[in-house]
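Order-wise, the sequence lines are chains E and G.
Okay, so the first sequence: first residue is 1 according to the numbering used here, each after it adds one.
Okay, so the second sequence: first residue is 1 according to the numbering used here, each after it adds one.
Worth flagging that the hints you see were computed from the coordinates, not collected in a lab.
Built from N, CA and C at the ideal position, the CB exists for glycine as well.
Treat the hints with care, since some could be wrong.
To be verified - Just so you have them, the derived chain G footprint on chain E, three or more residues with Cβ under 8 Å: (1) 76 to 83; (2) 91 to 104.
Said to hold, decoys possible - In silico contact screen, one side only, chain E against chain G (beta carbon under 8 Å); selected entries: (3) Ser48; (4) Val50; (5) Pro69; (6) Ala70; (7) Asp71; (8) Arg86; (9) Leu88; (10) Arg147; (11) Gly151.
Stated by the list, open to error - Taking CB as the label site, the calculated pair distances span: (12) Gly164/E with Met22/G: 48 to 56 Å; (13) Asp12/E with Leu355/G: 43 to 51 Å; (14) Trp156/G with Gly75/E: 38 to 46 Å; (15) Asp12/E with Gly85/G: 51 to 59 Å; (16) His13/E with Gly372/G: 45 to 53 Å; (17) Leu178/G with Glu126/E: 35 to 43 Å; (18) Glu208/E with Trp14/G: 57 to 65 Å; (19) Arg57/G with Leu103/E: 41 to 49 Å; (20) Ala47/G with Asn36/E: 52 to 60 Å.
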Amino acid sequence: MLKVEEIHTYYDHIHALKGVSLEIREGEIVCLIGSNGAGKSTTLMTISGVLHPARGRVLFDGQDIAHRPADRIVGLGICQVPEGRRILPRLSVADNLEMGAFLRRDREGIRQDLEKVYELFPVLAERRRQQGGTLSGGEQQMLAIGRALMGRPRLLLLDEPSLGLAPIVVEKIFGIIQQINRDGTTILLVEQNANLALGVSDRAYVLETGRVTLSGPSRELAHDERVRKAYLGEQ
Amino acid sequence: MRKELVKFAVVMLWAFGLLFPMLGAQIGFETFTFEWSRLVRVMGFVAVAYGALAAQRAVSAHRKRGHRDPGPGLAERVPPLWGWGILAAVALAFPWFADNYARDVAINVLIYVALGLGLNIVVGLAGLLDLGYIAFYAVGAYTYALLNTHFGVPFWLALPIGCVISAGAGAFIGYPTLKMRGDYLAIVTLGFGEIIRIVLNNWDRVTEGPNGILGIKAPGLYYPKLTEAGLTLGHVYLKNLTCLYYIALVIAVVTIIGVYRLDHSRVGRAWVSIREDETAAELTGIDTLRMKLLAYMLGAIFAGLAGAFYAAKVRYVNPSSFVFLESALVLCIVVLGGMGSIPGIILAAAAIIVLPEVFRDLELYRMLAFGGAMTLMMVYRPEGLIPARRRRLELHAREAFAEEEGNA
Ligand SMILES: Nc1ncnc2c1ncn2[C@@H]1O[C@H](COP(=O)(O)OP(=O)(O)OP(=O)(O)O)[C@@H](O)[C@H]1O
Ligand SMILES: [Mg+2]
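From just these sequences and the hints, can you work out the full model?
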């Protein structure tokens, strides 16, 4: 469904991605792990069209979308939950969710999806009139995921959904991520918490300083010696 | 208590230094006289004002200590429809109870309402700073002035043309600033405002330079007339201030309705989203570049409308009406009114235009008073006179939240 081919992305003169390639098939959960500054967020931003690669292609259903603007890519069905959640803190929970459906015109469908999000995250329904910024970290993460779902994505990009959350909340959120996937959404998951990410995903890529150094089925990578040393904290 | 007194002394000393030029001191190398009565009056005023603020602070501190809120603020207390109805009635009846001077001031208020609301689109809704907004007002004014004096284009036809040209100017300035943020944006817009003024000042062959353009016609009223040649169109020029007042009122009302509709539209939500977090806005599928450009263009259109009317009213334009100070004035109105709040901006426009007229004697201290008023506002009421609900939430999030919890 998505095929990233040898992309090079720069921030001015900083060469952040040095030829990253990866592939995601319909229905999968694929995870991308790597340490701080490896280029995980940059990869997602390049797929989302917030950044554009200097070289390489991003193929979605066979079309090259590498140079399309971000709003058009959302229109194609690729939605991102960005790192640090980036909800709109001064708007209500309901308004935040509504913003996620900005490009859609099907009122009825939007209403149904809103119900679905509230079903998935009952706490958001309780707080629908509360300002986004006053939610707890976990609730904000749920709101960010809910907002992305309101765009009715075919491919959902998640950037470190576990960031700064208590283990029990992380567990809950990962459960919901798997549920979203079962309901038919393909997922690309970026995580620092490799253990967790390898546990829920089908396949994984390891990114180091802008390059993919390892890839394969998650179960195999979880037993790979190099991964265990570098990311699972073993000696 | 002692702390309060020390604070009071410091404030008085500071005010003395700040207001020194107003105290009527004559200081030379040999002379040193003071107008004591004036000193007493001015400092007395400061003391009373300080006292009032201190009292208000004490009351609100008291309230925070767990006493119930005495009621909603001004904005919520006036039932919206009622309020608007009364306002409309007053606005419609006004010229019949006023003299020409008051009508003139009222027309200025209406012009600044339109300008304030137009700038509000850019600054209040989309969150882009624009320090050169008055340039679009100039574009509207000169468009009508030139079209009318050279080609005899009537006001009503020049109005849409002025809007189109202003929108073009808006796009022109907006385009290069689309990827800028904050400080850079401020500098570029400031520069653009000055460029327009300097061009008007120096392009003698077209704009008559600093002499300005004379002989602009007032708006006309057209009516069918039976003459020997058959049915023709007669017209009168609406020079009297009552007619001009009503035209200004229509422009202001159109602006109010337009801005209200925009605020509550999909586009309005996109602007708010951009203001809050541009990257997040992009990720929800908002075409941020187009939306920002649209904000500049729509803001410029309302300024162009006001500008064309201004030229028709004064029947004379020259570049000195479009200096930076005017941009600052409009920005003051937006900030004072509470970014994004329509009633607040109307009130602020009235205050900023009417108050200096009332205090004519103190004309020289106008900027000082503005500065003072803005500072006080930022300290005591950062959300503006009549805050937009959203905005009030932003600035008093914690209190509002607590309130909601309390009510639940
Ligand atoms: N806005 C920016 N300007 C310049 N350099 C940047 C910018 N954002 C990221 N970088 C650089 O690009 C590289 C990749 O950053 P990126 O944010 O993609 O890392 P990451 O893998 O997401 O890290 P983390 O796990 O800490 O989020 C880093 O070296 C970073 O310093
Ligand atoms: Mg990152």
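Checked hints:
Chain G is given as covering the segment 76 to 83 of chain E, and this holds because 3 residues of the stretch bring a CB closer than 8 Å to a CB of that chain, at least three being needed. Counting residues of the segment 91 to 104 of chain E whose CB lies closer than 8 Å to any CB of chain G gives 7, so the stated coverage by that chain holds, three being the minimum. Against a cut-off of 8 Å between C-beta atoms, the interface hint on serine 48/E holds, since the closest Cβ of chain G lies about 6 Å away. The beta carbon of valine 50/E is positioned within 8 Å of a beta carbon in chain G (closest approach about 6 Å), and the interface hint is therefore held.
A least Cβ separation of about 7 Å between proline 69/E and chain G falls short of the 8 Å threshold, and the interface hint therefore holds. Interface restraint check: alanine 70/E against chain G, minimum CB-CB distance 4 Å, threshold 8 Å, status holds. A cut of 8 Å between beta carbons decides the hint on aspartate 71/E: the least distance to chain G is about 4 Å, and the hint holds. Hint status for arginine 86/E: holds, given a least beta-carbon distance of 4 Å to chain G, under 8 Å.
For leucine 88/E, the suggested interface contact is upheld, since its CB lies about 4 Å from the closest CB of chain G, less than 8 Å. Using the Cβ-Cβ criterion of 8 Å, the hint placing arginine 147/E at the interface with chain G is satisfied: the shortest such distance is roughly 7 Å. The interface hint given for glycine 151/E is met, as the beta carbon of that residue sits about 6 Å from the closest beta carbon of chain G, less than 8 Å. Checked against the hint of 48 to 56 Å, the pair glycine 164/E and methionine 22/G passes, with Cβ atoms roughly 54 Å apart.
The given range of 43 to 51 Å is respected by aspartate 12/E and leucine 355/G, whose C-beta atoms sit roughly 49 Å from each other. Restraint check, tryptophan 156/G to glycine 75/E: a C-beta distance of roughly 41 Å satisfies the suggested window 38 to 46 Å. Aspartate 12/E and glycine 85/G have their C-beta atoms about 57 Å apart, which keeps the hinted 51 to 59 Å range intact. Look at histidine 13/E against glycine 372/G: about 47 Å separates their beta carbons, and that is inside 45 to 53 Å.
The supplied range of 35 to 43 Å is met by leucine 178/G and glutamate 126/E, whose beta-carbon atoms lie about 39 Å from each other. Between glutamate 208/E and tryptophan 14/G the beta carbons are some 59 Å apart, a value that agrees with the proposed interval 57 to 65 Å. In this structure the hint that arginine 57/G and leucine 103/E lie 41 to 49 Å apart at CB holds, the actual value being about 47 Å. As the Cβ distance of alanine 47/G to asparagine 36/E is approximately 58 Å, the hint placing it in 52 to 60 Å holds.
The earlier numbered hints are all upheld by this structure, with none contradicted.
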